[in-house]
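Undergrad: What follows is the residue order along each chain.
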Amino acid sequence: MIAVLGLGVGIVLGLLLQPTVPPELQPYLPIAVVAALDAVFGGLRAVLDGIFDDRVFVVSFLSNVVVAALIVYLGDQLGVGSQLSTGVVVVLGIRIFSNAAAIRRHIFRA
Amino acid sequence: MRPDLRTEPDGATVRRRLARAFSPKLNRGQLLAGLLCAVLGFALVVQFRQTQDSSLENLRETDLVRILDDVSQRTSRLQDESDELRSTRDQLLTSSNQEQVARKAAQERVDVLGILAGTAPATGPGIQLVITDPDGELGAVTLLDAVQELRDAGAEAMQVGDVRVVASTSFVNDSGGVRVDGTLLRSPYVFQVIGDPKTLSPALGIPGGVLATVNQSQSGSATVTEMDQVVVDALRRVEQPQYARPAETPSATASP
Chain S
0 MIAVLGLGVG IVLGLLLQPT VPPELQPYLP IAVVAALDAV FGGLRAVLDG
50 IFDDRVFVVS FLSNVVVAAL IVYLGDQLGV GSQLSTGVVV VLGIRIFSNA
100 AAIRRHIFRA
Chain C
0 MRPDLRTEPD GATVRRRLAR AFSPKLNRGQ LLAGLLCAVL GFALVVQFRQ
50 TQDSSLENLR ETDLVRILDD VSQRTSRLQD ESDELRSTRD QLLTSSNQEQ
100 VARKAAQERV DVLGILAGTA PATGPGIQLV ITDPDGELGA VTLLDAVQEL
150 RDAGAEAMQV GDVRVVASTS FVNDSGGVRV DGTLLRSPYV FQVIGDPKTL
200 SPALGIPGGV LATVNQSQSG SATVTEMDQV VVDALRRVEQ PQYARPAETP
250 SATASP
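Chains as they are written, first to last, in numbering that gives the first Met the number 0: chain S, 0 to 109; chain C, 0 to 255.
Chain S on its own, in the form it takes in the complex (with noise of 0.2 Å):
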């Protein structure tokens, strides 16, 4: 509920207060954003399995996003930035897929 709420303020803060990214973190918002969805739904899944956890949520959350953009600044100084964030997006994109799958499954019983 509280997190439902959250998503709500946060997404009315960011059109109320329009910040625009500092370019040194531009690469990483993305990747960070993706990460977080899949926490998100990594954790709305847990609580329909009956196993959510705040502290493995949030833990999850930060790692997800912190390594994310890991990543992608380690392919920046590689010189692979953009195949590297194609892959951490891939990955993570099936993470949500799968994720998304077993939340459908619970609600919908398919």
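Each hint should be verified, as a subset may be incorrect.
As the list claims (entries may be wrong) - Per label pair, the in silico range of CB-to-CB distance:
id	chain 1	residue 1	chain 2	residue 2	range
1	C	Asp-82	S	Ile-93	48 to 54 Å
2	S	Gly-78	C	Asn-26	21 to 27 Å
3	C	Ser-71	S	Gly-78	19 to 25 Å
Hint data in this document are derived by calculation from the structure and do not stem from the laboratory.
As the structure is a prediction and not an experimental result, all values here were calculated from the model.
Each residue gets a CB set at the ideal place from its N, CA and C atoms; glycine is no exception.
Let chain S serve as the given structure and place chain C on it in line with the hints.
TA: Here is chain C on its own, set in the frame of chain S:
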């Protein structure tokens, strides 16, 4: 998060879990999760806006380098194309100049040959020769002699009466006059001759020449007038050669 291999819970369980999750419980974990979700929503919106007004400034270094590379390649390609078109234009200009020069040369040839062949009117300094022959005792021979003398003296264009005199002009005696190229002329015979007057008039006046011959006859007389401006405007119709065709020679750029 972890692979879930347990048996599927039934619908009631799922609903109960959802309800429990959505019931507002103020503990630290829930608050932290809410905070993280707020951060996620914030980042989502920011990224959305960023992507929507994305321009060059949002691109990463490698992309910028690639774009710069594309642009410079495009520039050099366009530069090449421009050079090519420019040289084509220069070529066309040069060739049109050459064509103009060739056309001018051809026109000059046409003019010169037209005067020679009698198809173009001509003007210039020259003389007027008038031969009167009231009794018809001189005839074609005298006129032909006069023409030959004038040619020898360098006459460039001439006409007798209103007939242009060219290489093939014929003089035939006829009753009451002379038939020149089929046209009957009667005395007095008026020659308009273009050439150097100082050469033409003495040539006619040499002893035993045309003037002497005519003036020795009983009734004939001949007078020569040097003129600054003689107009030879009688024209001769050109007939297409029936058998002769132009032969391929390097200089055969124009034909009259």
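Undergrad: Now look at each hint and say whether the structure bears it out.
TA: Okay, the hints, checked on the actual structure:
Our hint of 48 to 54 Å for Asp-82 of chain C and Ile-93 of chain S holds, since their Cβ atoms are close to 51 Å apart. The hinted range of 21 to 27 Å is not satisfied by Gly-78 of chain S and Asn-26 of chain C, whose Cβ atoms lie roughly 46 Å apart. In this structure the supplied range 19 to 25 Å holds for Ser-71 of chain C paired with Gly-78 of chain S, their Cβ-Cβ distance being about 20 Å.
Checked against the numbered hints listed earlier, the structure breaks hint 2 alone; every other hint is satisfied.
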